Amino acid sequence: MSSRVCRTCGGSDIDVDQARGSAVCTGCGSVLEDNIIVSEVQFVEGSGGVSSAVGQFVSADGPVKAPLLGSGFHTSVGKESRAQTLQGGKRQIQQLGSQLQLNQHCLDTAFNFFKMVVSKHLTRGRKTEHVIAACLYLVCRTEGTPHMLLDLSDLLQVNVYILGKTFLLLARELCINAPAIDPCLYIPRFAHMLEFGVKTHEVSMTALRLVQRMKRDWMHTGRRPSGLCGAALLVAARMHKFRRTVKDVISVVKVCQTTLRKRLTEFEDTPTSQLTIDEFMRVDLEQECDPPSFIAGQHKAKMQQLEQELARKLDDVEGEISCYKDEIETELEKSRPKLRGIYAAYTKEIDPEDAEVLSLTSDPEEPEVEDKELRVATQQLTQDFLCQVIQEEEGRGKKKDDSNKEPGSEKDVEGSQRQATPLAVILGKLPTATSLGLQPTCDESETREKQDDEQSEGGELDLDGIDDQEIDKYILNEREVEVKTELWMKQNAEYLKEQKEKEERIKKEKEQGTYKEKPKKSKKKKEQIEASTAGEAIERMLEKKKISSKINYEVLRDLNSRGTGSGGGSSPSRASSDPPDVNTATRKRLSRRRRKKSSDTNRDLAANASIMGKRVRLLISSTPKKRKPAVQAEHSVTMTTESATETTTTTEAAAEVTPDPEPDSSSTPAAPPTVLEEEEDEEDEAEEECVSALQLVGDYGCEEEEVF
Amino acid sequence: MDSSNDDALDIIITNVVATFRTRCHLNLRTIALEGTNVIYKPEVGKVLMKLRKPKITASIWSSGKIICTGATSEDEAKLGARRLARVLQKLGFKVRFSAFKVVNVLAVCSMPFAIRLIDFTKKNRPIASYEPELHPAVTYRIKHLKATIQVFSTGSITVTGTMGSFDFREAIRAMPLR
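Which chain is which? The protein sequence lines are S and Y, in order.
So the first sequence is numbered by full-length UniProt numbering: it starts at 1 and just counts up by one.
So the second sequence is numbered by full-length UniProt numbering: it starts at 1 and just counts up by one.
Simulated from the structure, these hints should not be mistaken for laboratory data.
Predicted model only: the values in this text are computed from it and were never measured.
For each residue, glycine too, the CB sits at the ideal point set by N, CA and C.
To give an idea of the interface, some chain Y residues facing chain S are shown, with a C-beta separation under 10 Å as derived from the structure:
#1 34
#2 40
#3 90
#4 118
#5 121
#6 125
#7 141
#8 152
So here's chain S without its partners, still in its complex pose (with noise of 0.2 Å):
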């Protein structure tokens, strides 16, 4: 305690008296203190004579949780945001956990991680959930639970990867070193859920020995335990002699077909299997396997030695093959008649033929890749080799000739060399191929040394390199663009229309002067824009205020739009239960006004609409039975309800509501449950309340024209 100076006579000699909590001047006796907080413990008497300490405890994180600080409604104001962090984490993690069956102390550990998550910031960019769910996990696996990712995966809905993603980071960043999986601690979990009744134990053993084989076997690494568990229950179940099928294990275990198949016929290789029932129980193999996956890129490797050792003999009937065909392109250049200028319009044509030879062959331009695609090619031409030689022969021999004479257009240049080189192909390397297909490659490979990486610097392109005639074809001409642009035109009709709405919506709030910079994502709320209208005014501020996301804003158009009034197109059900028309001008109109008025005070309704929603059900609960239908769609109304406007509405109408029930009003109350059922459109409703309103007080209906 602080020795203070006297106030009165300046005497530092200040007592201090703990259990009357006061502190006095001893010199002059002046009473400095009076009610001084005292931080001692109190004994309460309770009843039978039992005394207990007074005080409450308060927990380690943070400060006290105040349940009711003034009207309690408010989400805790005056608490840190890491105290409400850790929380909600809380919660959350009881949730989940009990959905898991969890017991406490893997909670409470769970919590912990939470907490050195949190305060290492690893939270950041990250969904509670998932961080959560990997702290559980992470729990999970350290204390040996049987329980799969897949599982917390399938409560949350969300993808596993993404899940295993933020687990894997986690451990890491904590430092956690989660032990590896081991198939076996499913075993005990998948048998239970696969029902073998009083069996289960034996067959859970039967089931343990056969993956510890499988682990001799080296079937486990890489794979994920479930589906070794699963191969292995369902061998063992057969050996009790259950019958379970491939999909009953299938849904317990959670694998495909595809996968359980696999593990079987992995099992089924290895020596193991050709073991009985009993020998399997009493011995075991001393002999371990490779790795199935290992076997099988061995078994690659043999593949393709042995289509290497084929290809090589290919090779050498392929020269056999070759000499021929140049002896018949010989024969069969001579034997050609020379007709050049006809052919030049027939070349044309033909380029589309082409294409799809083209698209046969494969690139000629690889001089590694061509020599196997020329014999691919070869090998699948050579049935049609006699027909297109013959069909095509005439007008690409004139091209050949005049394309190396005329560059002509480029695709053409193009389209003659890749004609040239399915010719090639067929004939085996001719000259042409050579020349135009490894010309701009040789040129390249010598020019590649020279690369300069100065000249990047400067932002030059360094053009080397770079051969401009193969370039050029990967432009299109001009009549190719075109057939491109109308055919990507037509595909992509939908979003083009959608871009050139958008832009229009924003030419137009660009003149009305509410340009948003940010994009709008739902369709709908362009048609708001569009008249300036009170009505559209009104909408547009709503949506603005983001007060309800649930008005109906075709409704609102509507409104604006009928004069006298054909029914209200967006409520069948009203328009079948609706008095006449007067009534639906007028009541949509009086809808409006309430609107307009509550637009005004929605400002400060948006704190108290659960209070007024409070208010609203009193008023309701005490009038006659008649209003029940009316009760039951104002209370949904008030539930569903997030925005001031239905509140103002309702209670408005409420008020109102309340002096006189009418028997016409009947029927507009049978509306509103229909209406809730078919659209949930708090506006309908209120505007059905709205309408009992009004013929309850006949003299409104004169008002509201004046409003307008």
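Position chain Y relative to chain S; hints supplied.
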């Protein structure tokens, strides 16, 4: 295993990812309509163009940033990038080739023996992580080399990283096997 064995291992680079900038805005629609071998994705806002000669796929954004993937060596990547820039130039954009950078290199190599993943993970606890439910390989991250190594039970190993290709051997050597 032994370092002598490592030298005999052939490390094959299978993928090189590089980025560069053209320093000018590109009209994606023009590229999409006038280029061959292009895929236009207006929702994402990019054009994919595939080149044949160095077999690469390039993602082109309208801001002028381009990412090239699929090359089998760094030189090839650079060549492909330059060809791509040339194509764009021919289409009429004022392209300047700048800020070329190799971002990621992926190499594959194969060990002649199988690897026991669980024991391996146990020995290299914080660095190696193995989650069979998610991925069949052990991921081994070497921070100072900025490389990630994935070890499969068949013995094949993939190395991904931002360093030069010659550093791959070091990365593999840095990894204790068995």
